[in-house]
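Asks: Below are the chains, spelled out letter by letter.
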Amino acid sequence: MTIWGDRRMRHLVLVSLLLSICGLAVADGKISVFEVLSRMVVARSIAYTATVETIRLKPQTISATALLYFKGGKKRLVYGGGFGASLVILDDGKSVYRLHPQWRLAVRMPIFPQRLNFELLRRNYEIKLLEPEEVAGRDCYVIFAQPKHPDNPKRKVWVDKVHFVVLRDELLDSDGTPIRIFVVRSINFNAEVDDDLFSVPPGWRVANAPYRPNLSLEEAERIVGFKVKLPKFVPEGYQLAGVGVTYCSHGTPIVHLQYSDGFNTISVFERPSQCQGLFGRFRFRWGWRRQQPCDWIPQDDFVHSQIVGNLRVIVIGHPSQAIMQRIAESVQ
Amino acid sequence: MRHEKAMQLLADYAVGRLKGRAKIALEQHISECPICERELKALQQTEKLLRGVGLVRPSDPKLMLTRIRSATTQTARVSSRVWQWRTFWSYLWKPAIGFALLALVVAATLSIWRQPPDHPDLSVSYEQYHRLVSWSNPLGNWFEAGLSVPNTQP
Chain A
8 MTIWGDRRMR HLVLVSLLLS ICGLAVADGK ISVFEVLSRM VVARSIAYTA
58 TVETIRLKPQ TISATALLYF KGGKKRLVYG GGFGASLVIL DDGKSVYRLH
108 PQWRLAVRMP IFPQRLNFEL LRRNYEIKLL EPEEVAGRDC YVIFAQPKHP
158 DNPKRKVWVD KVHFVVLRDE LLDSDGTPIR IFVVRSINFN AEVDDDLFSV
208 PPGWRVANAP YRPNLSLEEA ERIVGFKVKL PKFVPEGYQL AGVGVTYCSH
258 GTPIVHLQYS DGFNTISVFE RPSQCQGLFG RFRFRWGWRR QQPCDWIPQD
308 DFVHSQIVGN LRVIVIGHPS QAIMQRIAES VQ
Chain B
572 MRHEKAMQLL ADYAVGRLKG RAKIALEQHI SECPICEREL KALQQTEKLL
622 RGVGLVRPSD PKLMLTRIRS ATTQTARVSS RVWQWRTFWS YLWKPAIGFA
672 LLALVVAATL SIWRQPPDHP DLSVSYEQYH RLVSWSNPLG NWFEAGLSVP
722 NTQP
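So the sequence lines, in the order shown, correspond to chains A and B.
Be aware that the first sequence starts at 8, since it is given in the working numbering, and climbs by one per residue.
Be aware that the second sequence starts at 572, since it is given in the working numbering, and climbs by one per residue.
Here chain A stands alone, though its shape is the one from the complex (with noise of 0.2 angstroms):
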């Protein structure tokens, strides 16, 4: 294979050559707003640590905080939760893996390689940089991305001048009203990081989910079992990004479409109507358990989950309601 044929490497290639274009710029002591966003994909060489929230304003405030670790593009999420609850995620830069300490087990998560794809992002926003502003204590540049086609959301994003990190970054509706917003509390760039955070722990158990990656709709097809209908009717600038394949816990096949605008993504996911679980939201697993039935979707503002023929729908995203219900209606 050539340099220009592995895909890793032809995406470093033009990464490099936008930078390059960008540094006469630089030189003059002003940047583009294109070369902010590369610099925020080739940042990976550095270590920090940082305190984040994520806030979600709809429908009701939600929010959640994290300890983030990052080294050399290796990422640890520790999340705390009441009652004892709490989510570590780390990835050791080949794979993502959730960690469940009670039971000293690792899930491994399908990688998924949808990266920033900057012609998607030029054909559906208008992007600029607005005036500099401060957050966590460091000078930022903001990014302000506005959708060509007006019913997508809006984008603002606060980047490190220094070390080209988000450190704020909000999802606005069409009106500007914030959606969602991630902010960095407080980083810090001299910490000492240790290798140690972003691998399992030694003596725990690895266990794969149930997820295939990176398909051809054929493929997808050819395991699940039944025809995949693509919807009619996805929000203007959006294009399948990815297909998938993933199973209930009763085994029954679910295929994921990924549809992005560059910015955003909409997954859409389509399993037969009837869970083929041979005792339906039960299953027997060292003593009778109670499993999550299949037919239960979480009620919430970004998910819309319908039954179109004879399939069950499931749209996740940031689209309205409605939106999500017409992407739903539209899988014929």
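Read the hints as simulated data drawn from the structure, not as lab findings.
There could be a bad hint or two in this list.
Stated by the list, open to error - From chain B, some residues computed to sit far from chain A (all C-beta separations above 10 angstroms): (1) Leu580; (2) Gln616; (3) Leu621; (4) Arg640.
Claimed, not checked - Per label pair, the in silico range of CB-to-CB distance: (5) Ala674/B - Leu247/A: 49 to 59 angstroms; (6) Gly232/A - Ala671/B: 49 to 59 angstroms; (7) Leu672/B - Arg229/A: 37 to 47 angstroms; (8) Gln109/A - Leu673/B: 30 to 40 angstroms; (9) Lys665/B - Gly258/A: 33 to 43 angstroms.
C-beta: ideal position from N, C-alpha, C; glycine also.
Once you have looked at the hints, place chain B on chain A.
Replies: Relative to the frame of chain A, chain B by itself:
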């Protein structure tokens, strides 16, 4: 003639006591039934043997009668005990199976509600997969992963 009836009459036929229609019907049945034919031959041989032995008179007929009675009573006792058990189970097997099934249902129901499980469910939710899609994207929504966890400081 039915086979069971023929088997009952075979002994009388073998010693020449059977007469009339019954005899004709039995002979017809024997000609068609190899089992009865075999049984008849065996009976006739036994009868021949007994005739050859002659009559034996017991020295003490009263003692013999007592012995016979005692032996038959013991056999009757054993057979009545077997009969009692059979009767007992014939009445009880249905309730016993019903009770066992009920116990199974109760045990299954109790184990369903028993918490917490000693093994995690490896399946990942729809929302988690949705967030994982953009894990490698610095502008993705990977940081929303913790929104399912009630918030407190880590």
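Asks: It remains to establish, for every hint, whether it holds in the given structure.
Replies: Here is what the structure says about each hint:
no., hint, verdict
1, Leu580, "holds (60 angstroms)"
2, Gln616, "holds (64 angstroms)"
3, Leu621, "holds (68 angstroms)"
4, Arg640, "holds (62 angstroms)"
5, Ala674/B - Leu247/A: 49 to 59 angstroms, "holds (54 angstroms)"
6, Gly232/A - Ala671/B: 49 to 59 angstroms, "violated (39 angstroms)"
7, Leu672/B - Arg229/A: 37 to 47 angstroms, "holds (43 angstroms)"
8, Gln109/A - Leu673/B: 30 to 40 angstroms, "holds (35 angstroms)"
9, Lys665/B - Gly258/A: 33 to 43 angstroms, "holds (38 angstroms)"
Hint compliance for this structure: hint 6 is the single one not met.
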